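Chain by chain, the residues:
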Amino acid sequence: MLSNTNCGWVDGPEELFDPLQFAVDLEMTDKSSDNGVRDVNSLKNDDRVFISKGLITKANGSSYVELGLTKITCSIYGPHETTTDESYSKCLLDTSIKFSPFSRPKRIDPLRITYENSNEMDDTEEAELCSMLEECLLPCILLHKYPKSQIDIIIDIIQEDNEANLLSAIVLSTTVALIDACIELYDTVVAKSLKIDSNLLTVCYMPNLAQVSSLFFDGELTTNELDKYVDECIKQCHILHKAICKVIIDDLKNKDQESKQTKIA
Amino acid sequence: MPRVPVASEDERKFIVDGIQSDFRLDGRTSRMYRPVLLATDVVNTANGSCLLKLGGTIVMAGVTFEFTRTSQESPNEGRIEATVDGSGCHSLRIFGRQRHLFTKQISRSLNYILNNPKCFDREQLCVVKGHHCWLVHVDISVLRYEGNLYDACSFAMKAALSETKVPSLQVTHDEETSEVTVDVCDDPFQFGLLNVSNLPVFISVSQVSGIHIVDTTLKEDSVTLARITYGVKDNGNIVYMSKDGGGSLDLLNLRSMSKVASDIGPQMNSLLLDKIHLSKAKQPLWGHVNENLLFDDINFV
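Going line by line, the protein sequences match chains A and B. Residue 177 in the UniProt record's numbering sits at position 177 of the first sequence, with consecutive numbering throughout. Residue 127 in the UniProt record's numbering sits at position 127 of the second sequence, with consecutive numbering throughout.
Simulated from the structure, these hints should not be mistaken for laboratory data. Source: prediction; values computed, not measured. From the three backbone atoms N, C-alpha and C, an ideal C-beta is built for every residue, glycine too. Hints may contain errors.
[As the list claims (entries may be wrong)] The following label-pair restraints were derived from C-beta to C-beta distances:
1. A:E232 / B:K282: 46 to 54 angstroms
2. B:F14 / A:C182: 34 to 42 angstroms
3. B:K282 / A:H144: 49 to 57 angstroms
4. A:K228 / B:D174: 51 to 59 angstroms
5. B:G96 / A:C182: 25 to 33 angstroms
6. B:L278 / A:S100: 26 to 34 angstroms
7. B:H277 / A:E232: 25 to 33 angstroms
8. A:Y88 / B:L169: 52 to 60 angstroms
9. B:P188 / A:P105: 53 to 61 angstroms
10. B:K118 / A:L252: 45 to 53 angstroms
11. A:Y88 / B:H277: 27 to 35 angstroms
[Unchecked claim] Residues of chain A clear of chain B, computed beta-carbon distances all greater than 12 angstroms:
12. E14
13. L16
14. R48
15. K90
16. A127
17. C130
18. E134
19. C136
20. P147
21. I154
22. I196
23. M206
24. I264
With these hints in hand, go ahead and build the complete structure from the sequences.
Here's what the structure looks like:
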């Protein structure tokens with residue numbers, strides 16, 4: 001057999017770590033289903049969260065998330081060679097978000113022509129969510145590790161409960177899918193929206209780095225009140241982060257056990 | 001946001017060092033805006049218009065009225081829409097889809113503040129409750145781009161809307177047939193004005209290596225890590241907030257940035273109001289015959 005250095009191929013990284021050494025056991029009193037977590041105690045009934053990954057097997061990474069009654073699937077294809085020539089030094093993100101026709105009480109016409117240049121307010125909702133999602137993912141993915149390539153993120157909104165939960169659920173599902181696709185990340189992004197009176201605040205937060213990756217606010221508040229809202233959002237983000245960690249660590253342990261069993265067999 | 005590649009690492013360092021010593025490329029301090037020049041009522045065909053220069057960035061805003069039916073969800077409110085168009089502007093540096101996404105993002109932000117009931121009272125656009133209302137188009141075109149398009153667009157929109165002449169109408173209600181007829185008044189000197197006193201302006205605060213600066217130019221944009229655009233009312237309250245630039249921020253920075261925005265917002269608001277009043281006074285001087293209007297700074301206030 002040729003040695004690796006002779007033929008110029010490198011099979012893997014020089015250092016190898018057992019991924020389980022990074023995993024910290026989380027103490028959460030909840031009922032775990034086979035591949036997900038239903039967190040009932042720490043959150044209110046309409047903030048119940050269910051996360052599972054590996055739903056769409058053909059995709060590089062996928063996830064299914066329920067937040068309250070909002071149900072979302074996310075699949076990730078890539079990183080693969082880019083089709084556009086916009087950027088070569090960094091990876092390109094291509095997000096597409098689609099509402100299913102039955103996701104709202106009022107039917108959304110799937111045949112509706114969604115030209116980018118149309119002036120209709122409704123048409124831009126999907127595009128708006130896309131740009132928000134991209135903005136909040138840009139700081140967390142190691143884009144320079146994937147030059148000349150692109151990552152396609154495809155999100156289907158199966159059911160929408162309320163406006164406040166939507167972006168939060170989208171970000172959550174994308175993070176889990178990115179981890180499932182083994183794309184290198186600085187940190188997991190979690191988002192939480194608060195809707196109090198007519199004020200809507202969404203904060204996308206990276207708990208381990210303690211950095212806010214994106215935020216959006218519509219309403220009216222003084223700066224002091226705004227700071228309080230942001231703090232409250234971040235508190236909730238930590239809870240969601242725990243839920244994600246739980247799912248991923250459980251998944252990792254299951255896979256580890258499976259591989260051990262096959263070795264014995 | 002559009003970015004120009006900076007020539008070298010040294011130039012980058014030069015810009016950042018300048019910002020850190022509170023002396024930026026054009027001699028401004030970190031909390032200073034470039035000079036704002038504006039002229040209102042520059043287009044005859046629009047109900048209200050404004051040409052605004054923020055340093056090298058030039059935008060033109062035009063307001064037109066359209067007569068429509070009220071929507072079912074809000075029977076006593078009119079509708080208002082803002083669009084931003086950068087298709088004719090080569091200095092915008094980004095092309096194709098990216099440019100479209102960038103201008104779309106700005107028009108979305110403007111629509112958020114226009115549709116916020118605490119910023120703009122849409123009931124003043126209603127003509128007959130449950131029947132007819134105005135659909136107001138605020139169309140902004142970018143003529144030249146040298147950074148900070150968000151703020152320039154919001155200034156131009158506020159100036160144009162405050163000078164907008166609402167066509168006066170005669171509503172007659174027929175008691176027997178219960179039909180409502182609306183006629184446009186013949187007299188062109190009869191018009192109403194919109195109440196835009198609560199309309200906020202955008203203040204974009206950028207973070208460059210720990211320092212928070214406002215009103216970034218193109219070159220400063222290329223060293224900016226993250227930028228938050230705040231919608232600030234004249235009392236300092238924040239009504240809109242969104243982030244761009246692709247970087248992340250910690251909580252301390254976030255706090256001081258919102259402080260910066262709520263400090264500068266009222267100042268810019270009052271400056272803009274002064275300019276609008278001055279421009280109103282200056283209008284009869286040049287009328288609509290001056291062909292060099294758009295190029296001569298003398299015509300601006």
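Hints versus structure:
no.: 1; hint: A:E232 / B:K282: 46 to 54 angstroms; result: holds (49 angstroms)
no.: 2; hint: B:F14 / A:C182: 34 to 42 angstroms; result: holds (41 angstroms)
no.: 3; hint: B:K282 / A:H144: 49 to 57 angstroms; result: holds (52 angstroms)
no.: 4; hint: A:K228 / B:D174: 51 to 59 angstroms; result: holds (55 angstroms)
no.: 5; hint: B:G96 / A:C182: 25 to 33 angstroms; result: holds (31 angstroms)
no.: 6; hint: B:L278 / A:S100: 26 to 34 angstroms; result: violated (54 angstroms)
no.: 7; hint: B:H277 / A:E232: 25 to 33 angstroms; result: violated (42 angstroms)
no.: 8; hint: A:Y88 / B:L169: 52 to 60 angstroms; result: holds (57 angstroms)
no.: 9; hint: B:P188 / A:P105: 53 to 61 angstroms; result: violated (47 angstroms)
no.: 10; hint: B:K118 / A:L252: 45 to 53 angstroms; result: holds (48 angstroms)
no.: 11; hint: A:Y88 / B:H277: 27 to 35 angstroms; result: violated (51 angstroms)
no.: 12; hint: E14; result: holds (29 angstroms)
no.: 13; hint: L16; result: holds (29 angstroms)
no.: 14; hint: R48; result: holds (28 angstroms)
no.: 15; hint: K90; result: violated (10 angstroms)
no.: 16; hint: A127; result: violated (7 angstroms)
no.: 17; hint: C130; result: violated (9 angstroms)
no.: 18; hint: E134; result: violated (9 angstroms)
no.: 19; hint: C136; result: violated (8 angstroms)
no.: 20; hint: P147; result: holds (16 angstroms)
no.: 21; hint: I154; result: holds (18 angstroms)
no.: 22; hint: I196; result: holds (14 angstroms)
no.: 23; hint: M206; result: violated (7 angstroms)
no.: 24; hint: I264; result: holds (45 angstroms)
Consistency with the previously given hints fails for numbers 6, 7, 9, 11, 15, 16, 17, 18, 19, 23, ordered from lowest to highest.
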